[in-house]
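Asks: From first to last, the protein sequence lines are chains F and B.
If you count the first sequence from 1, position 157 lands on 157 in the working numbering, and the numbers rise without skipping.
To convert, count from 1 in the second sequence and add 165; that's the working numbering.
Don't read these hints as lab results, they were simulated from the structure.
Where hints are given, some of them may not hold.
[Claimed, not checked] Which chain F residues stay away from chain B? Per the calculated CB distances, all over 10 Å, these:
1. F46
2. P51
3. S110
4. A134
[To be verified] Label pairs and their computed distance ranges (CB to CB):
5. F:E163 - B:K411: 25 to 33 Å
6. F:Q118 - B:A572: 37 to 45 Å
7. B:M166 - F:E59: 19 to 27 Å
8. F:D162 - B:T485: 30 to 38 Å
9. F:P64 - B:N547: 42 to 50 Å
[What the hints assert, rightly or not] Example chain B residues on the side facing chain F (calculated, C-beta under 7 Å, incomplete):
10. K171
11. P235
12. E246
13. N341
14. E344
15. G413
16. F498
All residues carry an ideal CB built from backbone N, CA and C; glycine is no exception.
Each chain, letter by letter, is given below.
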Amino acid sequence: MNNAETTTSKPEFSAAAQEELETIFSRYPDRRSAMLMVLHLAQREFGYISPGVEELVAEVMERPVTEIHGVVTFYTMYNTKPVGKYHIQLCRNISCWIKNAPGLLEYLKSRLGIDVGQTTSDGKFTLSEVECLAHCENAPTMQINDDIICDLTKEKIDRLIDELK
Amino acid sequence: MKLVSKNFDVPDSHKLAVCEQNGGYTRIRKALEMEPQTIIDEVIAANLRGLGGAGFPAGRKWSFLPKDNPKPRYLVVNADEGEPGTCKDKYIMTNDPHLLLEGIMIASWAINSHTCFIYIRGEYVKQAKILEAAIAEAKAAGYLGDKMFGKDFPLEVVVHRGAGAYICGEETSLLNSLEGKRGWPRLKPPFPAVEGYLACPTIVNNVETISYVPWVIELGGEKFASLGSERNGGMRLYSVSGCVKKPGVYELPLGTNLKDIIFEHAGGLFEGRRLKAVIPGGSSSPVLTPDEIDLPMDFDSLAAAGSMLGSAGIIVLDDTINLVEALAVLARFYAHESCGQCTPCREGTGWMRKILDRIVAEGGRSVDPANLERIAKNIIGNSICPLGEAASLPVIGFAAKFPEEFAEYVARGETAKPSTTAVAAVI
Ligand SMILES: Cc1cc2nc3c(=O)[nH]c(=O)nc-3n(C[C@H](O)[C@H](O)[C@H](O)COP(=O)(O)O)c2cc1C
Ligand code: SF4
Ligand code: FES
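Bound conformation, chain F alone:
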């Protein structure tokens, strides 16, 4: 955590998010079960789960912050560091590997000029590798934010990145 972050004021949920929180809680017989959904909401609101966001979630969940941290770090979809505007996640599992996922990974790295786990200097793209995205029949696949893109080729990657640039 850097200094800028420690000194910024504690994050707060927007009014709309607070309303959504209530809806989420109303769906479960106990408050704790809402955990994953609340964290999804928090990530959407704040971009990633910073220590400050963990504290905020601990408050609304009425649970200790250490427990929130334990949950956040167990699941790969929660980002504990800022990610770029577009989070590119390439599948590296067996069906995509068969269809040249490693070649596409190298291509993505050189196209974006970053390594896996890094973000481009303009803050636009973050590159990650993920396990099976359950679109194996249309391998190779990758995810950009909430969208899954199938039957990837270098040309398709070029088109997508040009569009988003």
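Starting from the known structure of chain F, fit chain B with the ligands onto it as the hints suggest.
Replies: Chain B with the ligands in isolation, oriented as in the chain F frame:
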């Protein structure tokens, strides 16, 4: 013949009106006229097996619910679809969400449960939205909510999103995750049917299993059973990926010949290629050689062949694929996904990954195959959940069935670094 995939190609089949034009919600109306126990008996007669992977008979699972427990009962639909090579539940949720809802309604009525959670993998953002919309439509129509088709039987269906953890597909891990905890598997027994979500009796079933329930009601248990093979009732969705001309998801009877699925339905291999290996039931199922694939795809036949039908995610590998590298990809996956609770699984998956990565990068050592097998065997039987076994069986299978591929790496490694073998023996 098509059952759950019948409406996959119908335009707008995810909408209530379209689904009802195509027979949707007729089976729940029929089921509500039946005694819950009669429905369970039909599902038992249908030989409907759990299609998430383990193949446990659905009706029998439902009958394990304790009769005298005053706590609420829950139905949890497993939509985690994490097994590599498997992509079938997605088709149901994308194209016919109301079929899944109808199955949920029938199952809930049969087991007397008033709350259902659909635990859907976090990456299925699109499918979660489709399900939410379908639930809203069904509620507005009076099919769900305070009453079910006017009957005094409240039912709420909640879509719960996972957050990226393969282990959460395992049912007890899924329940911990649903409770807002880390997704650590629980020791069984107690089984979820006795002590599941919030320690209440809970039935966990896969999306596809539940989606066949309306068809059991429509056809009757006996007719449904007759579509499949002995003790393996009905049909299922086979996901085919890898080196075939027409990868995709195909609905076929249980017991369809694996060779036919690959060479007829999935279009066979590319020109000039030769078949090398087939993983028949998702990445965790032991690999088959080309000589072993002339067999019926049902739970019992695959078990007899020393593999598993599992999730029926068929992964085809042809002669352009390096099997040691393929195994290293799988080992990396299991090492990444081990939840770390059991030492043999946590350490063993890590070691198998390291050894395989090293073999691929630097060549092998003559002790490698034996060491890999020893590590894998040490996990089996010493772990809380079946992930440990799922990580081990592919290693044992590849090493035993394709020794020549390992031998090539060993030959390369031993010529490159003859002096390191003594050190390598001590891992
Ligand atoms: C490591 C592991 C991962 C699993 N992943 C899934 C999954 O993604 N989807 C699923 O339905 N079942 C999965 N299962 C099987 C479930 O534990 C459970 O058997 C199943 O949900 C029960 O439903 P069924 O009887 O209808 O198949 C997995 C099991 C293990 C051990
Ligand atoms: S076998 Fe592996 S994944 Fe399963 S509980 Fe033990 S450590 Fe976790
Ligand atoms: S292996 Fe890449 S989507 Fe399944």
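Asks: Can you verify the interface hint for F498 of chain B: is its Cβ closer than 7 Å to any Cβ in chain F?
Replies: holds (6 Å)
Asks: Please verify that hint: N341 of chain B, Cβ, nearest Cβ of chain F, below 7 Å or not.
Replies: violated (10 Å)
Asks: Are E163 of chain F and K411 of chain B spaced within 25 to 33 Å by their CB atoms?
Replies: holds (29 Å)
Asks: P235 of chain B was flagged as interface toward chain F. Is the shortest Cβ-Cβ separation under 7 Å?
Replies: violated (15 Å)
Asks: Confirm or reject the claim that Q118 of chain F and A572 of chain B have a C-beta distance inside 37 to 45 Å.
Replies: holds (39 Å)
Asks: Is the claim that A134 of chain F lies outside the interface with chain B correct, judged by CB distances over 10 Å?
Replies: violated (5 Å)
Asks: Looking at F46 of chain F again, its CB stays over 10 Å from all of chain B?
Replies: holds (16 Å)
Asks: So does M166 of chain B sit 19 to 27 Å from E59 of chain F, Cβ to Cβ?
Replies: Given about 55 Å between the Cβ atoms, the range is violated.
Asks: For S110 of chain F, which was marked as not at the interface, is the minimum beta-carbon distance to chain B over 10 Å?
Replies: For S110 of chain F, whose nearest Cβ neighbour in chain B is about 21 Å away, the distance exceeds 10 Å, so it holds.
Asks: Grab the minimum C-beta distance from K171 of chain B to chain F and call the hint holds if it beats 7 Å, violated otherwise.
Replies: With a minimum Cβ separation of about 19 Å from chain F (threshold 7 Å), the hint on K171 of chain B is violated.
Asks: Evaluate the given range 42 to 50 Å for the C-beta pair formed by P64 of chain F and N547 of chain B.
Replies: Violated: the Cβ-Cβ distance is about 32 Å, outside 42 to 50 Å.
Asks: Should the interface hint for E344 of chain B be scored as holding, given a Cβ-Cβ cut-off of 7 Å against chain F?
Replies: holds (6 Å)
Against the hints set out earlier in the document, violations occur for numbers 4, 7, 9, 10, 11, 13.
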